[in-house]
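The listed protein sequences derive, respectively, from chains A and B.
Just so we're aligned, residue 0 is where the first sequence starts under numbering that gives the first Met the number 0, counting upward by one.
Just so we're aligned, residue 0 is where the second sequence starts under numbering that gives the first Met the number 0, counting upward by one.
Just so you know, the hints here were simulated from the structure itself, not pulled from any lab data.
Every residue gets a Cβ at the ideal spot worked out from N, C-alpha and C, and that includes glycine.
Mixed in with the good hints, there may be bad ones.
Non-contacting residues of chain A with respect to chain B, defined by C-beta distances greater than 12 Å in every case (computed) [as the list claims (entries may be wrong)]:
{"#": "1", "residue": "G135"}
{"#": "2", "residue": "L190"}
{"#": "3", "residue": "D194"}
{"#": "4", "residue": "V199"}
{"#": "5", "residue": "G371"}
Some chain B residues judged to face chain A by a derived CB distance under 10 Å, without partners named [said to hold, decoys possible]:
{"#": "6", "residue": "V7"}
{"#": "7", "residue": "R31"}
{"#": "8", "residue": "P44"}
{"#": "9", "residue": "E51"}
{"#": "10", "residue": "S327"}
{"#": "11", "residue": "G354"}
{"#": "12", "residue": "P357"}
{"#": "13", "residue": "D358"}
{"#": "14", "residue": "A361"}
{"#": "15", "residue": "Q364"}
Protein chains: 2
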Amino acid sequence: MANDEKKVVPRTLKGLSDYWPEEVIARRRMMRTMETLFEKYGFSPLETPALEYLDTLLGAGGENANKELFRLESPEGDPIALRFDLTVPFARMLAQYPDRLKTPFRRYAIGPSWRTDKPGVGRFRQFIQCDIDVAGAPTVAVDAEIIAVLAETMAAICPLEFCVLVNNRKLIDALLDDCGIHETDRQKHVLRVIDKLDKVGVPNVRLELGPGRIDDSGDPIPGVKLTDDVIEKVLGFIGIEGETRELVTAALESSLPDTVLSREAITEMRELAEALEALEVPQAHAKFAPSLARGLDYYTGPVYEVALIGVPEFGSVGGGGRYDGLVSRFAHQPIPCTGGSIGLDRLFAALRHVGQTPDIPAPVQVLVVTMGNVPKAETLRVAAELRSAGLRTETFFASRKKMQMGNQLSHADHYGIPVAVIIGEDELANGIVSIKDLRAGKEAREGIDEREAYRQAGKTGQKSVSRTEMAATVKRMLLVDPA
Amino acid sequence: MANDEKKVVPRTLKGLSDYWPEEVIARRRMMRTMETLFEKYGFSPLETPALEYLDTLLGAGGENANKELFRLESPEGDPIALRFDLTVPFARMLAQYPDRLKTPFRRYAIGPSWRTDKPGVGRFRQFIQCDIDVAGAPTVAVDAEIIAVLAETMAAICPLEFCVLVNNRKLIDALLDDCGIHETDRQKHVLRVIDKLDKVGVPNVRLELGPGRIDDSGDPIPGVKLTDDVIEKVLGFIGIEGETRELVTAALESSLPDTVLSREAITEMRELAEALEALEVPQAHAKFAPSLARGLDYYTGPVYEVALIGVPEFGSVGGGGRYDGLVSRFAHQPIPCTGGSIGLDRLFAALRHVGQTPDIPAPVQVLVVTMGNVPKAETLRVAAELRSAGLRTETFFASRKKMQMGNQLSHADHYGIPVAVIIGEDELANGIVSIKDLRAGKEAREGIDEREAYRQAGKTGQKSVSRTEMAATVKRMLLVDPA
Chain A
0 MANDEKKVVP
10 RTLKGLSDYW
20 PEEVIARRRM
30 MRTMETLFEK
40 YGFSPLETPA
50 LEYLDTLLGA
60 GGENANKELF
70 RLESPEGDPI
80 ALRFDLTVPF
90 ARMLAQYPDR
100 LKTPFRRYAI
110 GPSWRTDKPG
120 VGRFRQFIQC
130 DIDVAGAPTV
140 AVDAEIIAVL
150 AETMAAICPL
160 EFCVLVNNRK
170 LIDALLDDCG
180 IHETDRQKHV
190 LRVIDKLDKV
200 GVPNVRLELG
210 PGRIDDSGDP
220 IPGVKLTDDV
230 IEKVLGFIGI
240 EGETRELVTA
250 ALESSLPDTV
260 LSREAITEMR
270 ELAEALEALE
280 VPQAHAKFAP
290 SLARGLDYYT
300 GPVYEVALIG
310 VPEFGSVGGG
320 GRYDGLVSRF
330 AHQPIPCTGG
340 SIGLDRLFAA
350 LRHVGQTPDI
360 PAPVQVLVVT
370 MGNVPKAETL
380 RVAAELRSAG
390 LRTETFFASR
400 KKMQMGNQLS
410 HADHYGIPVA
420 VIIGEDELAN
430 GIVSIKDLRA
440 GKEAREGIDE
450 REAYRQAGKT
460 GQKSVSRTEM
470 AATVKRMLLV
480 DPA
Chain B
0 MANDEKKVVP
10 RTLKGLSDYW
20 PEEVIARRRM
30 MRTMETLFEK
40 YGFSPLETPA
50 LEYLDTLLGA
60 GGENANKELF
70 RLESPEGDPI
80 ALRFDLTVPF
90 ARMLAQYPDR
100 LKTPFRRYAI
110 GPSWRTDKPG
120 VGRFRQFIQC
130 DIDVAGAPTV
140 AVDAEIIAVL
150 AETMAAICPL
160 EFCVLVNNRK
170 LIDALLDDCG
180 IHETDRQKHV
190 LRVIDKLDKV
200 GVPNVRLELG
210 PGRIDDSGDP
220 IPGVKLTDDV
230 IEKVLGFIGI
240 EGETRELVTA
250 ALESSLPDTV
260 LSREAITEMR
270 ELAEALEALE
280 VPQAHAKFAP
290 SLARGLDYYT
300 GPVYEVALIG
310 VPEFGSVGGG
320 GRYDGLVSRF
330 AHQPIPCTGG
340 SIGLDRLFAA
350 LRHVGQTPDI
360 PAPVQVLVVT
370 MGNVPKAETL
380 RVAAELRSAG
390 LRTETFFASR
400 KKMQMGNQLS
410 HADHYGIPVA
420 VIIGEDELAN
430 GIVSIKDLRA
440 GKEAREGIDE
450 REAYRQAGKT
460 GQKSVSRTEM
470 AATVKRMLLV
480 DPA
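My request is simple: use the sequences and hints to build the entire structure.
Below you can see the structure in the form of structure tokens.
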């Protein structure tokens with residue numbers, strides 16, 4: 000292609016992200032830790048393709064998900080779309096392979112999903128979800144296991160404080176029943192208002208549950224128009240806190256009248272508390288939070304959200320709950336399901352935001368640097384010797400003008416390669432190599448003329464060893480902190 | 000959702016594949032082996048999103064790739080598409096981040112790509128490519144490293160015999176020059192015919208290089224209309240074989256006249272042979288094959304293909320070559336590149352076809368089975384004890400009618416779980432559990448009445464131990480071959 004042709008401007012698609020080596024490796028480590036923990040809790044991996052028939056996805060995730068689909072056409076002309084989560088494909092598989100996927104079944108899946116929604120802080124149009132779901136187990140003991148996995152996973156991969164907040168659709172149903180709010184649209188409105196508690200505070204929630212209010216921009220926000228005593232009942236309920244899950248449950252019980260609905264809800268919460276205790280989930284890692292309303296219109300029982308403490312911009316990095324209706328979109332036999340998920344990209348963005356991503360060393364450990372007229376085959380032989388000792392070794396081959404030793408060492412600096420093995424004609428003739436710890440002089444070299452720096456550095460911090468000692472010497476050097 | 004509503008038929012998109020736990024784990028192991036080997040050779044991972052702007056992809060992979068794109072629109076209305084390979088996004092990154100990705104740079108990427116072409120044996124519309132590429136190194140020493148990685152990787156992950164076949168665009172150019180075939184369309188035609196050698200045999204290739212022929216269906220295939228002596232020259236050249244890469248190179252040299260073109264080509268092949276020798280690539284794992292023509296119209300130097308021996312339906316499971324023009328689609332500064340790739344799905348399909356996929360044990364090691372009225376919290380405690388000893392443990396919670404012990408043990412059988420830890424009220428009262436090796440009786444139980452079988456088995460091959468001995472006993476049991 001001629002050089003004066005019109006060039007394509009290289010750019011990453013809006014809302015998506017490229018990842019650098021240390022990020023790929025850090026994220027991979029987090030995913031591996033999750034795989035190990037998910038399997039420890041008896042979950043098995045399933046994998047489904049990125050694309051699904053549109054009817055599989057449509058309606059499954061509510062109106063928002065429908066709007067957020069990346070839609071396209073199959074080569075056969077069928078409407079298809081990129082999956083927007085990993086739960087719907089799992090429900091599809093449960094219905095498609097009932098003989099193979101006998102329930103109860105625990106599956107995990109780690110992979111990308113796609114949504115067209117507006118990109119924002121920690122919100123991407125392609126994002127990796129790390130999902131665990133249990134199909135066919137209609138007991139909150141299993142919800143407790145999901146919460147335990149989420150908590151143990153977060154403790155393992157996240158250096159920040161976190162908490163899994165837990166609520167229950169049935170509790171809110173009992174509250175709404177007690178308040179005499181029976182109409183679905185009004186119930187949803189109340190849930191929407193409750194969900195804003197953290198963002199707008201109690202006084203504004205009070206107004207929105209009542210007459211409504213004018214927001215900061217001057218726009219009117221219509222209220223639910225509840226009476227004052229009902230508003231105070233709702234606020235009292237969602238404000239309940241306590242030292243332990245058991246204490247919160249007791250407080251919830253005494254705040255609700257003794258009805259069939261409330262008895263069922265409280266029994267579930269008590270069972271959940273006992274189960275979390277049996278699984279030794281620390282009180283600080285999983286709390287009962289009656290104000291949690293996210294997703295309550297979708298979930299049918301317990302609902303949970305993974306919150307990062309002290310990074311409000313990122314808030315929730317995961318969540319889940321019990322969804323007993325999803326599989327019945329496909330199959331006549333309904334299957335009770337419950338599941339949770341950690342959003343890797345959102346969590347990773349939060350860690351990056353506070354400078355807490357894992358410190359990943361450069362993937363390459365040794366650069367073979369050549370001086371003068373060293374045959375390429377000899378460079379390769381040195382590299383092969385280092386590699387067969389298990390050292391991650393790069394050779395440096397470039398255009399002639401880039402082959403100066405200074406440039407080769409500068410390459411190692413740029414990519415954070417800690418050790419250089421240097422061979423020149425003299426070394427070759429004597430069966431030796433020079434080995435150089437590049438971490439030591441790095442700070443000293445910065446800011447001064449590159450070639451001069453390497454000329455100085457070349458005389459210090461460098462040792463010559465025989466080829467037979469080469470790999471062992473590099474390994475010892477890598478073990479030592481350069482200080 | 001009411002049960003009499005119209006149900007969505009659960010189905011996997013045509014040309015795509017769902018993967019079961021043992022497949023996910025087997026494929027993951029293969030990918031991890033590749034990551035380790037790629038890093039050993041100094042490659043670093045980069046990750047790009049599945050979606051790219053259409054102009055990034057269009058034209059980059061030739062006409063076929065253009066036709067095979069899954070196209071859609073971004074939320075902003077821009078034409079976009081799913082990537083069809085991992086090389087074009089790498090070229091895009093090289094041009095987009097020249098300061099960060101200073102060359103020479105070695106990157107690897109393992110991830111899915113999508114093409115709309117007709118699905119077939121081992122050919123999917125979503126497929127995982129495992130790619131290594133080196134940017135900025137204009138020497139065949141680096142091609143030799145790519146070939147060495149491909150060969151070492153295949154030896155590590157593939158139990159079948161394989162060979163990396165190697166040819167060079169420059170050799171074919173020298174041949175075409177010698178034959179007086181200078182016109183691009185005729186050159187391409189010759190390459191297309193040579194490429195069919197394996198499929199149609201020498202006599203048919205001879206006809207297609209000459210007057211043309213009538214194929215099996217009666218359709219005429221137009222010939223290149225070369226003269227007889229030119230045809231024999233081409234056939235002689237592409238038929239060259241030899242014990243070693245050095246011998247093939249020598250034979251190629253003597254078959255070509257001494258021109259600038261041929262001298263350059265032979266020098267490169269000799270350097271390649273020396274480099275492969277220095278990297279200790281076995282002669283059987285990388286052969287010079289002058290008849291290899293796949294992709295020669297795209298690549299500019301060495302070209303390679305990974306062939307499975309003895310599984311002709313699957314033929315090539317990887318390949319690559321030197322492509323010096325790709326980055327100049329984006330950047331005014333051209334960057335010489337070379338790279339290779341292994342197609343994981345195609346290789347995995349081939350292994351499955353010959354029954355050679357790795358034997359992966361069930362991810363779950365222990366099922367906690369309960370009898371009678373055991374509190375759920377107690378089941379969870381037993382599971383927590385096993386898990387904290389590192390055992391991958393599933394609990395069994397299902398609807399009441401599925402909770403019989405026979406059904407629980409049958410669940411373990413179905414999913415290949417080797418060990419059951421059984422607790423009943425008696426065990427609980429005495430602080431013990433029963434531990435059962437489920438592999439031992441599995442064959443005996445097959446075909447006879449399930450409950451009766453478990454009643455019998457329940458009395459044998461089962462031991463009772465205290466809770467403190469539980470995890471250690473299970474671990475010992477897992478170490479013993481059930482025989």
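Evaluated hints:
With a cut of 12 Å on Cβ distances, G135 of chain A falls inside the contact zone with chain B, its closest approach being about 6 Å. Separation of L190 of chain A from chain B is adequate, the least Cβ-Cβ distance of about 20 Å exceeding the 12 Å criterion. Chain B leaves D194 of chain A outside its interface by the beta-carbon criterion, the shortest separation being 24 Å against a cut-off of 12 Å. Remark: the non-interface label on V199 of chain A is consistent with the geometry, its nearest Cβ contact in chain B lying 28 Å away (cut-off 12 Å).
Distance check on G371 of chain A: its Cβ is at least 16 Å (rounded) from any Cβ of chain B, clearing the 12 Å threshold; non-interface status holds. The restraint placing V7 of chain B at the interface with chain A holds, with a minimum CB-CB distance near 5 Å, inside the 10 Å limit. A distance limit of 10 Å between C-beta atoms decides the matter here; for R31 of chain B the minimum to chain A is near 9 Å, and the interface restraint holds. Checking P44 of chain B against chain A by beta carbon gives a least distance of about 4 Å; that is within 10 Å, so the hint holds.
The beta carbon of E51 of chain B comes within 6 Å of a beta carbon in chain A, closer than 10 Å, and the hint placing it at the interface holds. The interface hint given for S327 of chain B is met, as the beta carbon of that residue sits about 6 Å from the closest beta carbon of chain A, less than 10 Å. Checking G354 of chain B against chain A: minimum C-beta separation of about 19 Å lies over 10 Å; hint violated. The closest approach between the C-beta of P357 of chain B and any C-beta of chain A is roughly 15 Å, which is over the 10 Å cut-off, so the hint fails.
Interface hint at D358 of chain B: violated, since its Cβ lies 16 Å from the closest Cβ of chain A, which is beyond the 10 Å cut-off. Given hint, A361 of chain B at the interface with chain A, holds; its Cβ is 8 Å from that chain's nearest Cβ, closer than 10 Å. With a least beta-carbon distance of about 9 Å to chain A, the hint placing Q364 of chain B at the interface is held under the 10 Å criterion.
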